[in-house]
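Chemist: Take a look at the letters that make up each chain.
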Amino acid sequence: MSGAAVLQLASQIALGLLLVGMLLAVIRLIRGPNLGDRILALDMIGVLAVGFIGGVAVLTGFSLYIDIAIALALVSFLATVALARYLMSRAARRSREAEQ
Amino acid sequence: MEATPAIAIALVVLLPFVAAALAPLVHRLVGDLAGWVVALVPVAGFIALWGLLGRVSDGEIITIAWPWAPSWGLELSFLVDGLSLTFALTIAGIGAFILLYSGAYLKGHKQGRFLGFLLAFMGAMQGLVLADNLVALYLFWELTSVASFLLIGFDHTRQAARRAAIQALLVTGFGGLALLAAGVTIYTISGGWDLSAAGDLKGHLAYPLLVGLVLLAAFTKSAQLPFHFWLPNAMEAPTPVSAYLHSATMVQGGVYLVARMTPHLGGEAIWNLTLMAFGGATLLWGAIAALRQTDLKQLLAQTTLASLGLLMLLLGAGTELAVTAAVLYFIAHALYKAGLFLVAGAIDHGTGTRDITMLGGLRDPMTLSFIGTIMASAAMFGLPPLIGFFAKEEMYAALAIGQFESLLALAALVLGNALLGAIGLALLIKPFMGQLLPTPIEPHEAPVAMLAGPLVMGVLGIFLGFVPTLAGQLAVAPATSAILGVPVETHLKFGVDLLGPAFWLSVATWVLAIGLFLRLDLARSLLRRTATAIGWSFDIGFDWVYFGIVRVAGAVTRLLHHGRLELYLFLVFVLLVVAAIGPLWLLDGLPRGPQTLDLRFYEWGLVGLAVLGVVTVVYARSRLFAILALGVQGLAVALLYLVFGAPDLSFTQFMVEILSVVILALVMIRLDLDTADRRPLEDWARDGGVALLGGVAVTMLLWAVIEGPFDLRLSTFFNAHSVPIAHGHNVVNVILVDFRGLDTLGEISVVMTAGIAILALIRGARRQKPVEVAPVEPGPQPKRRAARKAVA
Amino acid sequence: MILELTQYLAALLVLAGALFSLIAAIGVLRLPDLYTRLHAASKAGAIGAGLILLAVAVASFDGAVVLRALLGIVFLLLSTPIAAHLLARAAYRCGEAPTAATTVDDLK
Amino acid sequence: MSLVLLTIVLALGWAAATGSFTLPNLLLGAVVGAACLFVVRRYVSRPNLLPRALRIVALAWLFITELVASALRVARLVLRPDLNAHIRPAIIAFPLSVTSDAEITLLANLITLTPGTLSVDVSEDRRLLYIHAIHVTDRAAFIKQIAAGFEAKVAGAFR
Amino acid sequence: MDHVIAALSGVFLAAAIYLLLSRALIRMLLGLVLLGNAVNLLILVAGRLGRIVPPIALEGAKAPLAGAANPLPQALILTAIVIGFAMFAFLLVLAYRAYQSLEADDTDRMRVTEPRGGPKPPMSY
Amino acid sequence: MSGAMQDFATHPTDWLVILPVVLALLGGAVLLMLREAREAQFWLALSIVAVIFVSDIALALRVSETGPVAMTMGRWLPPFGISFVADLTSAVFALAAAGVTLLLLVYLRMDMPDRARRDGVYPLILLLLAGVSGSFLTGDLFNLYVWFEVMLISSFGLMVLGGRNIQLDGTVKYGFLNFLATSFFLAALGLLYGTLGTLNMADIVGRAGAANPAVLASIAALLLLAFGMKAAAFPVNAWLPASYHAPPPAISALMAGLLTKVGVYALLRALVMLLPASREVLEPVLALVAISTLILGPLGAIAETNLRRALGFLVIGGIGATIAGAALGNAAGLAGSATYVLHAMLTITALYLVAGLLEAMTGETDTRRMGGIYAAASLPSLLFFVLMLAVAGVPPFLGFWPKLLLVQGGIEGWGFGRDGWGLALWLAVLGNALLTLIAVSRLWAHIFWRAGHEAATTEAPNPDLKPLSPQVRWLGLGSAGVLTLVVLLLGLWPEPLLGFGKEAAAGLLRPANYVVATGLEGAAP
Amino acid sequence: MNSLIFRTIAPLLVAVMLVFSVFVLLRGHNEPGGGFIGGLIAASALTIYGMAMGAGAARTALQLHPLAYAGFGVALAALAGALSIVFDVPFLTGLWTIFEFDEVEVAISTPMVFDIGVYFVVFGTIAAVALALEDEEGGA
Ligand code: NA
Ligand code: NA
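Residue numbers (the numbering used here), protein chains in the order written: chain A, 1 to 100; chain B, 1 to 792; chain C, 1 to 108; chain D, 1 to 159; chain E, 1 to 125; chain F, 1 to 525; chain G, 1 to 140.
Simulated from the structure, these hints should not be mistaken for laboratory data.
A couple of the hints might just be wrong.
[Unchecked claim] Listed below are the simulated BS3-like cross-link pairs for lysine-lysine, each with C-alpha atoms no more than 30 Å apart in a straight line:
id, chain 1, residue 1, chain 2, residue 2
1, F, K466, E, K120
2, C, K108, D, K144
3, B, K110, F, K466
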């Protein structure tokens, strides 16, 4: 098998694995049980999507897609931070409300 | 000094409007003398018109046209013939006295507005009778209604005045629309806007429609049954208005219209019989209703109804004699009725009451008024040699020969004239003869400005009676010719034909009138009891309709504008379904559907992920959960873009989708989470149903689109020229910044503007802490959740 | 030849990366509480994505791409632990209790 | 001082990333880097990174190898059928001896990326680092291991 | 392939409609996002799908590879995404403000402009 | 240049077609950068809009002399680049929009809270004008979508300025429904691209004939829905009465005067000029929409007690009139639509301005508590009276001429028996006139003639009436007065209006000149 | 967000993200990217900065009000298009000047300036919104 063919096959398999991973993460997202778990699941899906983009880049040979992957990593980090912040402020509000 | 026709028309039609605009200024400058000053306007008009009289009585038809809207074939064209000149002279002549009278009548009041309205009305009325262009005719027609609205509502703080004004406006406005429709119909048939060029319209398919529309217009304006009720109510207006608009001029607009249209529409049975039937009915109705009244103005208003009916009846009869009678009667009526109204005003002014049963013996304190009334009542009673007598003779002569309808009409005429005669007697005898009765004000004579009109008009009525041939030559015959569309020579001469049936019918009328006058009180109480027993009137009917419309409007508006956004949206989506699939279905354009499903496994995987994400968004119980699921579908869509060869899209979608989640999270920090979808079950099913249909419908449409051929030439062009000319390898980006850079310029403007808007919103929030209380509106308030305060 | 080799290497890397990513996802699904799940996500996730980026770099055979891949990996390594830390911290403050199996909890 | 150096680093990174080490491109990279650093200027002047660049690179290498090991271990763990039997999580307060923000941060990140540990929080007084560990049997040994391992290396890299 | 993605767009649309009818502002906003995605997919499909080859001319090439995806719909969608995002951001902050000031995020209870049992038209002249 | 670019130099006056948009955008951007210079903002905004107004005049003159003017951006050949095309319809509408905006800026100055200036009222107005001008002048369907959105987002911004509760509630309804409308438009134009392969309007004219009529009809129906929503046609007009009275009067005026008109304009362009065959298919739908809008609009105004909300319903009734023209589809009817749009831009805006003055005098928005203005203030009364007659279509005021054209179009469409829809539309136009007359005369009686509150038993004057301050009198009455004067003069001397209507209808029915001006000679059908 | 770890690492991340955003902006004409995406990345960077250091610090770092950047962007883009008037070509015509340095072509073009305008608009607007929302919260 030529290197190119192996690479094709490997990247396709990789895409499949990543998709399965995303499915599992979505299950976690649905099952929760807490908000933190769901945020984690979304973060996980973001990271898997970074991998997926890489996989597509390998599959097609358009290595320029790597920038998309980087950017996604950047913003999905931002999302997780924002969501964590949301959790935090909810905690703060709950304690405030409990005091009252 | 003889003015050219153009200058005459300008003086007659235009000058009053200019004067109207200046009237408040004039009043400010000269005070209570304003009436004298502005009366010069109709005087000038009268003189100018008088200069044309010779040419017109020689049979000439003068037309003047100014350019107006050439691109739509419109000219501001006027036509002076016997008919229009007769009306125009009447309007100008009486108008002068009315303005004079008004100045005195409203002494010490803010007259500026009032005189302005009167002048504007005068210009409009002159325009109405002189216009040849159908659009101009309608324009002036409506302007008379508008002026009338303002004048009836002059005493605007009283609801009765407002009601009368609105009633008059709506009834005449309703008829006006019919006139507009008729005018446009005539234009469509004849191809021109000038009525004089319309020719004979009787053969056309639309003839019955035209007759209906024209008569509707005429009947509303001239207060024919069943649209008569507004006219008595219009007596809410100050007396000069009643005298001028609501007896001598504006209400004659309908009569004028019928006369003007007779050459084009008249002669057919449908035209003649309708006019005679409605005219006759109105004549009797008004005359009988007048018997019931004790208020001088009401009494006069009802007799005006009768006279208008009488005129319609005569025009409906349509013979040369009948039309001549109509013209004569029009002149006579204008003179005596305006005079009577003015005297009524003088009495009101001089005694403080208009109730005929409270008045008596005024002949000594108000001698001049008494003299004016004698002349007017005599004309109304139809005594020779006043012009009213000739009118009556003429009409009896016209109808005494002929078929059943004519005889029926004749009977109505005799009865009507007798009733009017009785009232004429009552108007003279009740207030002026007998003993002086106590009145709210010590009776005193009105100033000369108020009495000039009645006296001069009365004298004129007598004078014309003595020179009927002259009147016939100058006005009556030319007017009759214009109405009949064929030249007519006058046959009027001074004298009484004692052998003709007309005279004996006159005698019968007088006898009947005197008899009725003697039993007036009985008749009045009888009629009043009847009216009470019926308990309904056309006037009440107007209220039913008016408030019915208001009520329906309220109900419909509350039904449609309920304020529930979800229902507004629901409707929109239902329409979306209909729009997307309806035409496709009706025109047999439904798609074949997919033939193969050639997706690669990872494409299927992404589709599945997207669907899973979407379903999760929908079913997520907590909102943050839903937001996270939203992120999932967004990522799936972005990845789909990637595998379909759209990396830029994918890039953007990632960023935007995630940033949406970020902003949602930032905002959600401040929102108390609410967990459940609060929809009741039936809503759930309903919404789900329309959602499903919407999805299916748009999918079908999209399928139908992609199953058709596709032209890629735009993209072929972009692909070909991106690198060589635009120096860019990424075609999508080149489209964004070069080929279609303007889209992007708009797009970034949207982004920037969104920034401004959002900041304005957030600043608003900062200003408004603590939470402001919503303005209290009637109706039940939604329950408020107290916990929310802590959040904000 | 070198090209062929890099292709095999890239294939290996991409498979390894995908596998790690999948395992991280399995961990996220299977582990008992948020804190333990974060372990899987922050380690295996970062590694998985990082390996795939590396695979792209290797497969591209292009210095610029390699540097960008390294940049991406560095970024992942910087951001992933911080995300995990922030999330754990927030969840804890929010009162999300660790699994009952937890032996010590000094934060209490 | 360090801003200038960071600018140069960023310019080189720029040139590398854009794949063109030409003078205009380097200048552009410097301009871009300087502009971006300008935004965050107040915070980057504190850690004086460059003199310890080599040690930092060494640390980074350690970091990556530990990371791979950690990932493998987690992978083995989550694939076990009897997963719950092999974890004994704990949240442990680790007494910090490093004091600067940079050191604490670096340590915390390293801890997160290495086997079975995750930094949850730093106490208000910066004395304690709360670490979640996935499997702890001996608390004292756990603390000792981190103090001797990563903390020492981080301290070494920065002093 | 195109038919499936078209149907996917339909699924998005259906979900969007369902959410937009939910009366809860935040859900409605999510519906707007889904609606945007539905329309974007629709445009992509309407311009006919291409497969994985982007419309980018490689280094030295004068044009993108044969079989590259249609670039125009992509550019249109890009613009639409950005605009949709701006609109979404505004409406989101608006929802927040409405919630804060009107104390309701249920559209059924947001009735300031058209209050329940509003005034009846006066029966007078 | 290699057959991809235009090989002729751009004539300087061709720039007139894009200048309004560029100036407005630039102006908005610059004003945003100068947010701290409060006083300068006004003068800058005023001068920019004045320049736009002058440039629009020049454009209208140029178009009326030489026919449609076009510029295809980026020097690309049409239909590949985005074309801006001004025919007389576009040019005159753009001119009216700029004129109205100019007066509104003056009006707004009469009581502009400092915070509104801080919140960006001037940039927002300029951007609104950019969106409106762009919508009128663009010759590209997707570009039209973009300008719609510019318009929409700036109207959002204007609508929430000040942030009172009623504004928030109104904007929620306005926002969701209008954003949906633009989304439907976007979907429809995506589908149209998928069917015809082009976005350029002139190009669509040449290609629509060859496409699947069923698909085109469905797309046209979607466009009708989208533009109908934007225009506030029944039954998708609920957002308008729910929102237009919420912001301050000047802002209401701006929206009522400009926004729905753009929807109507787009409707006319799309259904009459671009997809005439589909318009014929949809004629019954258009007719039903027009008839119900014609009747229900004024009914709402009759029922309403909030003055500006009542005016909103009058706006809706007018939309019915314009759609009636589109439903008739003949020259007179379309001329009626085009002139109606122009009339409404001027008259409705002026009415809102006067309404704002009335609210300032009475401190009320409820007609039941306004009363007494007729006796107290002549000039506002006069302005309102003229405008209310204009809106009711009473001659010689402006609104009469469109009504005349529509009545004419109705008779022509009806043809004394050929087409029942023509008759129904004809009757509905007349019915609308009567109902509108009822509505405005009621407003007049309640606000002006009645002495005081509705409930008050005495005829004593309204004690709550406040005289207008000199600032308000000059700026407010001045700007409303100028607009009213235009309404009056155009009514008395209708040749410009009717000439425009004739040309506009001809342009919509026979777009050959439009197509040629765009640069697509071969494409004309 | 009062986390020492986050606050320490954030400036570094932000600087890298900003550089990356400019990179994405400038090569957008040839590869995926461009002003819009670059602007979004820059705005994300600023948002992270704001979350870590507080909105006040982010505002200080920006010197001007973020919306002024947006205004500048629109003005820049519009002027890039309006430059065409000088050359008798239609609005938004791409004008290119290519300099040669060391055998390397450096192109300056109006589409590039236009794209930079886009970058500023997106950056300024999103940053403005994010910071305003951040201010509202006052940092949790
Ligand atoms: Na774009
Ligand atoms: Na309107």
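Chemist: It remains to establish, for every hint, whether it holds in the given structure.
Modeler: Verification of the hints:
1. F:K466 x E:K120: holds, 27 Å
2. C:K108 x D:K144: holds, 22 Å
3. B:K110 x F:K466: Given pair B:K110, F:K466 holds - Cα atoms ~21 Å apart, limit 30 Å.
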